[in-house]
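J.: Using the sequences and the hints, build the whole thing.
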Amino acid sequence: MPSYLAGYPPELVDQADALIAAGKMGAILRRKYPQAHAVRTDKALYDYVQAMKGDYLRNAPPLARVAFDGKLQELRNALGTHTRISRVQGGRLKAKREIHVAAVFKAMPEEFLRMIVVHELAHLKEPEHDKAFYQLCCHMEPAYHQLEFDLRVYLSHLEAGGEALWAGN
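Read in order, the letters of the sequence shown are residues 3 to 171 in the working numbering.
Some clues are possibly wrong.
To be verified - Pairwise CB distance ranges (calculated):
1. 130 / 10: 14 to 24 angstroms
2. 92 / 11: 53 to 63 angstroms
3. 100 / 135: 16 to 26 angstroms
4. 73 / 112: 21 to 31 angstroms
What the hints contain is simulated information worked out from the structure, not anything from laboratory work.
Yeah, the Cβ is synthetic: ideal placement off N, Cα and C, and Gly gets one too.
T.: What follows is the structure in structure tokens.
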């Protein structure tokens, strides 16, 4: 069973495994998500995240930095991170928040990028992966759970030796 699909119902995992093994998953995902997004730079990603934050989390703490991160390991490790950095400046405690998105998301559909951004933005309000966290994710992106599943299937496709589907866009 692919590690990315752990926790999903076995019949769903078996269906995904069969499509991956038959070499059909790439075509299915490519039809469902035909092209990669146009957010390619850290500045464009910052603007993308700030616009979404403005739509859903206006009262959340400000973000000091948003960037694609080539050091994040897209396979087996984090796809995005939300960090809080606290420093003492003078007699005050200053906190900075940053979001880093794995560089692999430069060449993926906008829906997958949006799902990762929604996930990391939700951590501004909800630090734990609990019911309130996922409710906030679904508020910002109603298709959150489907997008997360599709992304996990795509990562399983890549892990099984499948081709990168949006690298040429």
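J.: Each hint: holds or not?
T.: Now the hints, each set against the structure:
| no. | hint | result |
| --- | --- | --- |
| 1 | 130 / 10: 14 to 24 angstroms | holds (21 angstroms) |
| 2 | 92 / 11: 53 to 63 angstroms | holds (54 angstroms) |
| 3 | 100 / 135: 16 to 26 angstroms | holds (19 angstroms) |
| 4 | 73 / 112: 21 to 31 angstroms | holds (23 angstroms) |
The structure shown violates none of the earlier numbered hints.
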